[in-house]
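Chemist: Here are the chains, one letter per residue:
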Amino acid sequence: MKKAILVFQTDFTYKEGAVSSMYGVVKSVDRELEIITGTHEIPQYDIWSASYRLYQSMKFWPEGTVFVSVVDPGVGTGRKASVARTSDGYYVVTPDNGSLTHLNKWVGITEIREIDESVNRLKGKDTEEVSIFHGRDLFSYCAARLASGIISFTQVGPEYPVSEIIEYPILEPELKGGRVSGIFEINDPNFGNLWTNIPLSMFKTAGFEFGDYLKVRVWHDGSKVFSEDVLFHKSFGFASKGDPMIYNNELMKISMAVSRGSFCGEHNIGYGSTWAVEFSKK
Amino acid sequence: MKKAILVFQTDFTYKEGAVSSMYGVVKSVDRELEIITGTHEIPQYDIWSASYRLYQSMKFWPEGTVFVSVVDPGVGTGRKASVARTSDGYYVVTPDNGSLTHLNKWVGITEIREIDESVNRLKGKDTEEVSIFHGRDLFSYCAARLASGIISFTQVGPEYPVSEIIEYPILEPELKGGRVSGIFEINDPNFGNLWTNIPLSMFKTAGFEFGDYLKVRVWHDGSKVFSEDVLFHKSFGFASKGDPMIYNNELMKISMAVSRGSFCGEHNIGYGSTWAVEFSKK
Amino acid sequence: MKKAILVFQTDFTYKEGAVSSMYGVVKSVDRELEIITGTHEIPQYDIWSASYRLYQSMKFWPEGTVFVSVVDPGVGTGRKASVARTSDGYYVVTPDNGSLTHLNKWVGITEIREIDESVNRLKGKDTEEVSIFHGRDLFSYCAARLASGIISFTQVGPEYPVSEIIEYPILEPELKGGRVSGIFEINDPNFGNLWTNIPLSMFKTAGFEFGDYLKVRVWHDGSKVFSEDVLFHKSFGFASKGDPMIYNNELMKISMAVSRGSFCGEHNIGYGSTWAVEFSKK
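Protein chains in written order, with the numbering used here: chain A, 1 to 282; chain B, 283 to 564; chain C, 565 to 846.
There may be inaccurate statements among the hints.
Think about it this way: if two alpha-carbon atoms lie no more than 27 Å apart in a straight line, the pair counts; the simulated DSSO-like pairs of lysine-lysine are [unchecked claim]: (1) A:Lys125 with C:Lys798; (2) B:Lys285 with A:Lys2; (3) C:Lys689 with B:Lys284; (4) B:Lys486 with B:Lys407; (5) C:Lys567 with B:Lys341; (6) B:Lys458 with B:Lys284; (7) A:Lys2 with C:Lys768; (8) B:Lys564 with A:Lys59; (9) C:Lys798 with C:Lys768; (10) A:Lys59 with B:Lys341; (11) B:Lys564 with A:Lys15; (12) A:Lys123 with C:Lys623; (13) A:Lys123 with A:Lys105; (14) C:Lys566 with C:Lys623.
In case anyone wonders, no lab produced these hints; they're calculated from the structure. All values reported here derive from a predicted model rather than from experimental measurement.
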């Protein structure tokens, strides 16, 4: 059987040698392991984004893939260092600090274990007294051992209840009286799009169709910050350059963009539980 | 026979999970496929740059390498999703929106096929109604199948005439009366260099030699924006730090730099058909 | 025996096609070679950082790994293009311009050879007259041949004395009268931390313990720019968000951070021989 692929995501960037050190640890455990960079550009300390990006990409990988997710402002303190197994057969090696929120909610974590540092932490190379780089000394090392088959999932360390996983609250969207309301849950920081927590199916139930202009209202902490009639369509090219639009994103969630522009930037809109959005027919 | 390498270039950046999703699709098609990141930092929507970067790097790869180039502002609209074969045996999987301009002009596209979505589009995983991520659902999936040998080039989809490939105009440089004129065609945005469309051979014909100081004039939309005597030499170190210089770039095209500085930035000069440049002996 | 891994670090970024061209050269030499991106975001022309990053990550890689380090402002001029072998069995393919400083000091270079361009430079593909891209035409090509086993280390080119390696001066820290003094030697530009040249062991000798508040003074060119009592502890989470702290970094060197902030940025402190720092008990 082929060994599992390792997919990394961190907030480390490539500005210094941290990524190289982690990848070296993996290759020193087992030369055959395949490492893929998911991203090292998660916004700094943004555990919510780490959680969302895991959810966003995981299902497109082969079953058994081992994800290493290190956004870890609490490194060296009490938070657990863990390996989770999802209901669909993936592994996530991560500080248990909220980074499993979306997977647990939308995919399901079936088992989680705390990494036993006495066994699954890198030894030698002057690392024993280092407390600030679990990405290298603990997560990469343990993940490599798991992917390589040197240890089984059971040998990661002691199991603990899935109910103890640290989670952020996830808000649910709502359809009421022809109005669909939710929040902007995350952004696409490259293209400046904002993704809501509203599934396309709810738009369908509401009777909204591609080609419709919908009334969109956005509130931040209760203050209205956007109110326009906006085209709902399949893709960006259906709107004129510079115009806002509503579309179905790659995860089947209703999203907003400016065609060849930045919806976040031009309208100064963010994401999180304080950013409410409502769609209705005109 | 070894399976073809996949080399990716996009304008997606690593700021969110898009790259990871694409690479996961490839690995789900065939675990053995090798993925190399060409770049995910093509300037946003800059099809011209995508076209140039393909041309810049392709010949250094083994014959048969499959390039996936996704700079796709028209995703989900009428532009064709295609696979091209070059005269020297490479494949490019790309929206046919201008990204094949330089290859077609300077290398030659010998055959092009439109991807048959009924066969070569990812199925399941809640992707069928997604119209905005052909990079994941169409280009990566089709490229992986081609590189893996699951489909032959013929099975990509129906062929269409090479003459129908979308192309940007490419301007030709000129040598007349001892003056060599052309345009700045592209930049090196990292080091701030500008690359002209003038081959070194034309400088040789004109009698310009390494060590010469040449009169350089640059016009933007007809207005002169730069006029200096500049050293033409082999490499940056021959000029003093901070001085402009003319050199032969990695593609045998005459280029301009500031030694350990930025020619683009310091002289506020860009590239494209509106940026004319002329070189002559003093 | 498995072929050596190639780990790349440059200041090229991914903004254009240079990285892709280099990696293509490697794969054209030998399809089986494994390429890992260490980083392409070394600060521009910053040979000191290149040197430090090699030292920082190397020991975590398998013995025999071939590092390609190209920060090369003097490309095409007189500086030597070399391959060094370290005392612990790694290879570095690099311009000999200072990039071997830390390895030579702290690990040891046991042998160094100048690349023989007549044998180990890429031929064809219109590269012969290119003087500005040794990363592609010389370093990647030679490194691939070495890692592949096509050439032995001896066949790289003629040996020259290790004593001729170009080095920057490295300053030593000092413990005197209960005061530990040194310099900020490098930064972590992502998290805004600064790393001194003072080993944890010197703090132990001085009697400083985790949990202590230490008096920290920083001078720039002799002028005091920082003077505060700062917590010395194991990890960032022991300080309140926004507070400065002293910690033991991943290389067992005393470092300074702002918990979830940027020590460099908030206190406007840099690194290099002009940035002195002193620690003492209150």
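Chemist: Each hint needs a verdict: does it hold in this structure or not?
Modeler: Okay, the hints, checked on the actual structure:
| no. | hint | in the structure |
| --- | --- | --- |
| 1 | A:Lys125 with C:Lys798 | holds (18 Å) |
| 2 | B:Lys285 with A:Lys2 | holds (17 Å) |
| 3 | C:Lys689 with B:Lys284 | holds (23 Å) |
| 4 | B:Lys486 with B:Lys407 | violated (58 Å) |
| 5 | C:Lys567 with B:Lys341 | holds (24 Å) |
| 6 | B:Lys458 with B:Lys284 | violated (50 Å) |
| 7 | A:Lys2 with C:Lys768 | violated (47 Å) |
| 8 | B:Lys564 with A:Lys59 | violated (64 Å) |
| 9 | C:Lys798 with C:Lys768 | holds (13 Å) |
| 10 | A:Lys59 with B:Lys341 | violated (35 Å) |
| 11 | B:Lys564 with A:Lys15 | violated (44 Å) |
| 12 | A:Lys123 with C:Lys623 | holds (13 Å) |
| 13 | A:Lys123 with A:Lys105 | violated (36 Å) |
| 14 | C:Lys566 with C:Lys623 | holds (19 Å) |
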